[in-house]
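Chemist: The primary structure of each chain is shown beneath.
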Amino acid sequence: MDFSAMSPAEQAHMNRIIERKQMQDFMRMYSSLVERCFNSCCNDFTSKALSSKEVHFYPPNLRDRSVLTKPIAPPPQEQCVLNCTDKFLKHSERVGARFAEHNAEMMGANMNK
Amino acid sequence: MDFSAMSPAEQAHMNRIIERKQMQDFMRMYSSLVERCFNSCCNDFTSKALSSKEVHFYPPNLRDRSVLTKPIAPPPQEQCVLNCTDKFLKHSERVGARFAEHNAEMMGANMNK
Amino acid sequence: MDFSAMSPAEQAHMNRIIERKQMQDFMRMYSSLVERCFNSCCNDFTSKALSSKEVHFYPPNLRDRSVLTKPIAPPPQEQCVLNCTDKFLKHSERVGARFAEHNAEMMGANMNK
Amino acid sequence: MSFLGRGSAPAGGINQERVEMATQELDMITDIFNRIVSSCHAKCISTRYAEGDLNKGESVCIDRCVAKFFEVNKKVGEKMQAVGAAAGSAGPGGFSL
Amino acid sequence: MSFLGRGSAPAGGINQERVEMATQELDMITDIFNRIVSSCHAKCISTRYAEGDLNKGESVCIDRCVAKFFEVNKKVGEKMQAVGAAAGSAGPGGFSL
Amino acid sequence: MSFLGRGSAPAGGINQERVEMATQELDMITDIFNRIVSSCHAKCISTRYAEGDLNKGESVCIDRCVAKFFEVNKKVGEKMQAVGAAAGSAGPGGFSL
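As they're listed, the protein sequences go chains C, X, S, D, P and L.
Quick note on full-length UniProt numbering: the first sequence kicks off at 1 and runs consecutively.
Quick note on full-length UniProt numbering: the second sequence kicks off at 1 and runs consecutively.
Quick note on full-length UniProt numbering: the third sequence kicks off at 1 and runs consecutively.
Quick note on full-length UniProt numbering: the fourth sequence kicks off at 1 and runs consecutively.
Quick note on full-length UniProt numbering: the fifth sequence kicks off at 1 and runs consecutively.
Quick note on full-length UniProt numbering: the sixth sequence kicks off at 1 and runs consecutively.
Please keep in mind that the hints were generated in silico from the structure rather than gathered at the bench.
Heads up, a few of these hints could be off.
[Claimed, not checked] No farther apart than 30 Å at their CA atoms in a straight line, the calculated lysine-lysine pairs in the DSSO-like style are these:
(1) K43(L) - K90(S)
(2) K79(P) - K56(L)
(3) K21(S) - K21(C)
(4) K21(X) - K90(X)
(5) K74(L) - K90(C)
(6) K56(P) - K90(X)
[To be verified] Covered stretches of chain P, as calculated for chain C (at least 3 residues, CB under 8 Å):
(7) 24-33
(8) 39-52
(9) 62-76
Each residue gets a CB set at the ideal place from its N, CA and C atoms; glycine is no exception.
Looking at chain C on its own, in the form it has when it is part of the complex:
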């Protein structure tokens, strides 16, 4: 976006608007991320315990002694949420980078008309 045609007063005003919008966008992004990871990772509401899957996670084969030295991994549902969050942020960042490139290109094309 190009705000160079604006007066300083207008630019200051726009900056406040942008700040507020970024806060709003961040919050919307946050809650949509929670919803997304919830929907992808949590499907079983019929079992008794909330995290019944956790039990199956601790290694079933006790002869494998290496597990004792490894840090205990979080339960799968939780791991799914962490990966989902992580991946979404990286996805979002990559889209942002590509978006900025294409947008700049488009602006340039409009200028040359």
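Fit chains X, S, D, P and L to the supplied structure of chain C, relying on the hints for placement.
Modeler: Chains X, S, D, P and L alone, transformed into the frame defined by chain C:
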């Protein structure tokens, strides 16, 4: 939410904002409910009459005289919409109750830090 | 909608609000249309070239000389986007016409109460 | 669906409450319209997009779909009034000052 | 989740920033609530609509679903703080004046 | 996509219309960005979530997906200008005073 740190003037102002938002939320909830029940209950737009399903609803077996004493049930599509509305309101109420509990708990946990 | 109970000053104010809202609605409609047609028409992101499908479009049978006189059709993906846009606008227009009728009817029914 | 028409407006000034209500009614109608467009598109329009015109089947489907949506709208409205579902009861609650 | 409580309000006037923050917090809570309603409806409520009451299975499912959503909310929040994901980094960017 | 640049701003004051237009442009860009994030996530990211990093296939897919979205955006814009689809024609109508 805790508005106790606010001045009386601010609280009054917030009350107006909350009132307006509740009206908006109610309207959004209402139209999303209509959309939801429409999408779940209405699927047949190829038949000639709008409510062709209604015909099948009136008891096909006229020997069963008990139907004459029973109140006539609404057609299935309409019943579906009524049940859908009913169920959504109860669902929403239950989610609201659980939400309030968890929210209060969370607030309490934050206070103790 | 009936704004006849409003003062001229209020009507003027409403007109400004409506204008701004129409701009917003148009923009939302536009970006939702882009999203819709993108999701329906673009599915293949695994191939090397972005428009790999285009190749298959130019007539495979060169003995068919009529192709030389026909205008070259756009590639299928692009045609899909054009048809999708076209169809959505017509759909939207038709819904708008029916909506206005039903709305007027409903208003009339309310008046007669 | 009309929230207007209570009390008359002052000759010159702007009754803020009245304008707000009209704006909310406008928002409501727009919201419903957009949902009809989207729902009836999903139910009636083939996503093959072999041509740009609405065919006969799609056109008829749209007309019925819109009519049906209005019917459902009415039914839901009546049911909610019967239940007496207040705005507050369905919200997250806990917003009292 | 509380943005309030920094500094005390002036006796009579309105601290615009404070009101704005409270409004944003309100929006956030409403947004989350609506998403829970929608997600848990999709996960717990059968769309056959043979009856209007919640049955036992649906009720239990709702309770667990809400509890789980809060858990996920907490996990995502912690993860994002750990990553230090700033608001700006995830936006379209290019908004500097 | 630029609505700015008509007329110069007054030295000190704020041209309300100009600010409004810039705000709408901002909203538009944000809206498009959010839709790209969501569409490309649906098309490119596996929901198995076996790991937190983007793998090679996902990264390539995202790049193509964003490029394609811009292409479609351009095509739709051109088509709409050709059709001369005005804002009003697609709205619910009936809003005249």
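Chemist: Now tell me, hint by hint, if it's right for this structure.
Modeler: Results for each hint:
1. Taking the CA atoms of K43(L) and K90(S), the gap is about 28 Å. The hint holds against a cut of 30 Å.
2. Among the hinted pairs, K79(P) with K56(L) is consistent with the structure: their alpha-carbon atoms are about 23 Å apart, no more than 30 Å.
3. With a C-alpha separation of about 18 Å, the suggested pair K21(S) and K21(C) falls inside the 30 Å cut-off, and the hint holds.
4. A C-alpha spacing of about 22 Å is found between K21(X) and K90(X), which places the hinted pair at or below 30 Å, so the restraint holds.
5. Straight-line distance between C-alpha atoms of K74(L) and K90(C) comes to about 26 Å, which keeps the hinted pair within the 30 Å bound.
6. The straight-line distance between the Cα atoms of K56(P) and K90(X) is roughly 13 Å, inside the 30 Å bound, and the hint therefore holds.
7. With 5 residues having a Cβ less than 8 Å from any Cβ of chain C, the region 24-33 of chain P passes the three-residue criterion, so the hint holds.
8. Counting residues of the region 39-52 of chain P whose beta-carbon sits less than 8 Å from any beta-carbon of chain C gives 4, enough to reach three: the coverage restraint holds.
9. As drawn, the region 62-76 of chain P meets chain C at 10 residues by the rule of a beta-carbon pair under 8 Å; at three or more, the given contact holds.
Comparing the model with each earlier hint shows no violations; every hint is respected.
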